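Undergrad: With the hints as extra help, turn the sequences into a complete structure.
So you can see what is in the structure, the chains are spelled out below.
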Amino acid sequence: MKSSNQNALSIASLAKTYDNNFKALKGIDLEVSQGDFFALLGPNGAGKSTTIGVICSLVKKTSGTVKVFGIDIDEDFSAAKQYVGVVPQEFNFNQFEKPIDILITQAGYYGIPVPIATERAEKYLKQLGLWEKHNVPSRSLSGGMKRRLMIARALIHEPQLLVLDEPTAGVDIELRRSMWTFLEEINRQGTTIILTTHYLEEAERLCRNIAIIDKGTIVQNTSIKNLIKQLNKETFILDIKQEIKTCPVVSGYPIVLTDSHTLEVAVDKNKSLNQLFSMLSEQGIEIVSMRNKANRLEELFIDMVEKNLDKNEGSQDE
Amino acid sequence: MNSQQQWIAFSTIVRREIRRFMRIWPQTLVPPVITMALYFVIFGKLVGSRIGDMSSLPYIQFVAPGLIMMSVITNSYSNVVSSFFGSKFQSNIEELLVSPTPNWIILVGYVVGGMARGLGVGFIVTVLSLYFADFSLNSLPVTIGIVLMTSLMFSLAGLINAIFASSFDDISIIPTFVLTPLIYLGGVFYSIEMLSGFWQTLSMFNPILYMVNAFRYGMVGITDINIMASFAMVGLFSTILFFFALWLLENGSRLRN
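Top line first, the protein sequences correspond to chains D and C.
Position one of the first sequence corresponds to residue 6 (the working numbering), numbered consecutively onward.
Position one of the second sequence corresponds to residue 217 (the working numbering), numbered consecutively onward.
Fair warning: there could be bad hints in the mix.
[Claimed, not checked] One-sided excerpt, in silico: chain C residues whose CB lies under 10 Å from chain D: (1) T228; (2) R231; (3) M238; (4) R239; (5) L313; (6) P318; (7) D386; (8) N473.
Please keep in mind that the hints were generated in silico from the structure rather than gathered at the bench.
Here the structure is a predicted model, which is why all the values come from computation and not from measurement.
Ideal Cβ placement from N, Cα and C applies to all residues, glycine included.
TA: In structure tokens, the structure reads:
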């Protein structure tokens with residue numbers, strides 16, 4: 006049974022080798038505390054969806070253990086499944102069914118009686134702005150509505166652990182932000198959330214802890230704050246007023262001239278931007294605006310994945 | 217899941233299955249009725265009147281039980297195969313697979329859904345047949361028993377076909393190349409007494425022969441086969457298919473990576 010000091014998810018030495026001998030997971034360890042908002046990041050094919058697939062029983066693990074609120078899925082998967090709600094990457098509901106029927110049917114699979122299921126379906130469809138469409142064939146919903154319908158479906162049995170596999174992929178900015186607000190509220194109410202995403206801004210905004218997975222191994226598992234601390238440089242794009250033909254040289258600040266009005270400069274964390282601006286100013290260069298080249302987390306992510314690639318290539322060379 | 221939750225999960229699957237075939241009734245309920253009406257008109261009335269008696273019965277009375285059974289078999293099978301494969305194809309089978317619903321409930325739910333359509337269409341065709349032929353029911357228990365078991369058996373077979381299928385071609389191969397020949401050669405349109413020794417012996421390996429004859433016995437009181445052998449045959453096949461289908465679900469074959 007669930008107790009307050011148990012992790013929402015404990016994964017130990019989880020490995021998965023597919024029939025074609027592809028090693029999707031090479032013995033990963035992962036722990037997610039109760040109430041956490043956890044990001045699982047990784048490039049395509051890193052093993053994120055395989056991990057989620059194992060947690061929700063769509064993928065059979067090769068070895069290792071997975072515990073959901075202390076329940077080993079090998080011992081009582083049925084009980085463990087009661088705690089988990091899954092929002093998959095692809096639309097996987099019957100497009101001919103109405104949203105209300107999809108939710109009530111899903112609740113039935115968890116043994117929830119129709120009157121309670123109907124009440125909850127109405128609650129979640131309203132919260133996710135879908136109530137007006139509750140009685141239309143779901144194939145007529147927009148992409149964003151279909152994503153929200155999948156979130157409502159995953160919540161219908163009120164799981165303690167919600168796993169979302171790229172829930173905002175292909176969703177416009179306004180809708181994405183409203184989904185973030187909704188997920189933050191669900192998390193505040195006590196639901197543990199695990200999120201995979203390609204939008205690193207999303208992970209930085211929502212999540213407290215993060216694991217970066219690449220080629221079936223966890224390359225980083227820490228808090229977002231600790232991760233950001235590891236960032237030792239940031240790349241800025243400077244828009245300059247006048248047209249220049251040659252790239253300015255500033256000692257200690259590697260600069261690239263990307264076009265006649267734009268400079269790209271990598272600034273070490275321990276160096277001052279004021280110094281850079283004054284040195285450029287001395288060369289007669291006037292800066293009109295400045296922005297980050299990429300999200301801070303994105304720079305770290307790329308750095309870690311590249312390091313992992315180098316490491317793998319190195320070990321293959323050996 | 218406790219037993220009450222299991223019952224809710226089971227009734228949810230059955231309700232969803234019935235809702236599915238009722239929603240698409242022009243595809244699921246109307247065509248078999250039209251096809252059977254044509255069979256009754258052509259084989260029963262037009263051609264049948266020239267054939268005369270078969271096993272001492274007017275041909276329409278001989279052929280009607282076989283035609284009813286044919287509609288039960290094809291509809292039970294096609295309901296489960298198309299519904300389950302459709303769920304696999306659209307990936308919404310994952311809704312069930314991620315839930316705590318036990319595999320045996322999934323199996324029984326789909327099978328009962330298939331039986332609901334098979335028996336529903338069978339009932340409509342039976343009512344239709346009363347317009348063409350007069351029946352005095354010989355044995356209600358035999359009629360009901362064999363039609364239920366046959367519907368069960370072909371619903372199970374449809375589920376197994378759907379689990380193995382990876383394309384829409386795969387769900388039409390068995391009905392076209394296996395089921396239809398077995399039905400047509402299963403004594404629906406003729407008595408196997410008409411066949412020579414070799415073909416009679418070969419026919420005895422056709423399970424549909426047993427079902428059609430038992431059903432015909434229940435309705436009009438004649439059969440080429442021992443009734444107990446019919447029930448034993450259908451019971452044996454249903455048991456084997458049930459445990460094989462359950463094993464496939466437990467094993468996650470072609471459903472889980």
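Undergrad: Hints first: check each against the structure and report whether it holds.
TA: Cross-check of the supplied hints:
Annotation: interface hint on T228/C holds; nearest CB of chain D at approximately 3 Å, less than 10 Å. Contact between R231/C and chain D, as hinted, is supported at the beta carbon level, the nearest pair being about 8 Å apart and thus within 10 Å. Interface hint at M238/C: violated, since its Cβ lies 12 Å from the closest Cβ of chain D, which is beyond the 10 Å cut-off. About 7 Å separates the beta-carbon of R239/C from the nearest beta-carbon of chain D, less than 10 Å, and the hint is met.
Nearest Cβ of chain D to the Cβ of L313/C: about 6 Å, under the 10 Å cut. The hint holds. Given the 10 Å rule on beta carbons, the hint for P318/C holds: about 7 Å separates it from the nearest Cβ of chain D. Interface hint status for D386/C: violated, as the beta-carbon distance to the closest one in chain D is roughly 19 Å, over 10 Å. The restraint placing N473/C at the interface with chain D holds, with a minimum CB-CB distance near 5 Å, inside the 10 Å limit.
Consistency with the previously given hints fails for numbers 3 and 7, ordered from lowest to highest.
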